[in-house]
Amino acid sequence: MSRQTARTGDPRKVNGELFTLTYGALVAQLLRDYEDDEEVNKQLEKMGYNIGVRLIEDFLARSNTGRCNDFRETSDIISRLGFKMYLGITPVISNWSPAGDEFSLLIENNPLSDFVELPEGHSALNYSNILCGVLKGALEMIQMDVDVWFVQDQLKGDNITEIRLKFNKRLEDAVPAGED
Amino acid sequence: MADEILFELLHMEIVGHLQRNAQKDEQDQCIAKLESIGFRIGQSLAERFTRDCSRFKDELDTMKFVCKDFWNTVYKKQIDNLRTNHQGVYVLQDNRFRFLTHISNGKQYMEAAPKYLALPCGMIRGALANLGVNCVVTAEVSTMPACKFQIQIQRG
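Chains as they are written, first to last, in our numbering: chain C, 1 to 180; chain Z, 181 to 336.
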């Protein structure tokens, strides 16, 4: 029998299982280290933030997008280009607030939580919280202050995974003191 | 399918996170943690990759699987050189190891190399453990970005 693993067409992609299992091992380690769901959420978000601030450069270089005119356009690019390019999924955008400053990303099959079942006693854990950090970090680098949080999670028995984004304000370029 | 840069950034951040949160005297523990994370990944990956394989003939055959298929899936290249003394020591040489290619090639960051190799070492150990081979894996770098993984089989 052949042992050849399927060669993937796109050289920029890695095996999804590798990625998912790596993330899983990280979360497991954090749970052992901190023993507190809230603290793990915080650490995951922080790590995501650090990834986001770097990822945005790669995104801008590869996606060839210009400035967004409004938050709706941003939401569209996050879902259709960002998620598609990096995770191969296209979340559905919905639940816009009347003011147009808040929306939800609905994710049907979150690749991060393949193979995952939350053990009992971890109801406060947002397993994929790293995504919130990535979005926050990436958007902050393009002058947008945004809050990102989990509303629903299929891992907790909800029908869908929902991440909510709220636009706070545009960040102005801050010039270091004494430089202007 | 995830993008490779996500995987690389994730690994960088795992190393960075453990490093930041370790006290000065706990550097060894940081390496040990990375190794154990790697072990877990390697173990489950080997389980999935060998699902449809025929049984390995012997130890060397298992080792070849790690050098070819396993390496290819994880790092998208094969090991460049495999040596063995036929007494339970295998040396895997990768001339362009993926996690080192983003680090400057000079001698300047040589000291930083071990922590980027701990998780990969654990992955090898985990994969082999899953295939019934108990071993100790260590890595060494003489010139970036090449590195050697030494696998010492534990018998008995």
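Treat the hints as calculated values from the structure; they're not laboratory data. The C-beta atom is built at its ideal place from N, Cα and C for all residues, glycine as well. Hints are not guaranteed to be accurate.
[As the list claims (entries may be wrong)] Footprint (simulated), chain Z over chain C, 3 or more residues, beta carbon under 8 Å: (1) 25-33; (2) 49-55; (3) 92-104.
[Said to hold, decoys possible] Taking lysine-lysine and the DSS-like style, the derived pairs with C-alpha atoms no more than 27 Å apart in a straight line are: (4) Z:257 - Z:244; (5) C:13 - Z:257; (6) Z:295 - C:84; (7) C:169 - C:46; (8) C:13 - Z:328; (9) C:13 - Z:248; (10) Z:287 - C:13; (11) Z:244 - C:84; (12) C:42 - Z:295; (13) Z:244 - C:13; (14) C:169 - C:13; (15) C:46 - Z:295; (16) C:42 - C:166; (17) C:13 - Z:256.
Quick rundown of the hints versus the structure:
1. 25-33: As far as the region 25-33 of chain C goes, the hint holds, because 5 residues have Cβ atoms under 8 Å from chain Z.
2. 49-55: Three-residue rule met by the region 49-55 of chain C, so holds; n is 4.
3. 92-104: violated (count 0)
4. Z:257 - Z:244: Given that 27 Å is the threshold and the Cα spacing comes to 13 Å, the pair holds.
5. C:13 - Z:257: holds (13 Å)
6. Z:295 - C:84: Violated, because 31 Å separates the two Cα atoms, which is more than 27 Å.
7. C:169 - C:46: holds (20 Å)
8. C:13 - Z:328: Roughly 25 Å separates the two Cα atoms, so the pair holds.
9. C:13 - Z:248: Distance ~18 Å between residue 13 of chain C and residue 248 of chain Z Cα, so the pair holds.
10. Z:287 - C:13: Not OK: residue 287 of chain Z and residue 13 of chain C at ~30 Å, beyond 27 Å, violated.
11. Z:244 - C:84: violated (35 Å)
12. C:42 - Z:295: holds (24 Å)
13. Z:244 - C:13: Holds - the C-alpha atoms of residue 13 of chain C and residue 244 of chain Z are around 24 Å apart, at most 27 Å.
14. C:169 - C:13: Violated, because 34 Å separates the two Cα atoms, which is more than 27 Å.
15. C:46 - Z:295: holds (20 Å)
16. C:42 - C:166: holds (18 Å)
17. C:13 - Z:256: At roughly 9 Å apart (the allowed maximum being 27 Å), residue 256 of chain Z and residue 13 of chain C satisfy the hint.
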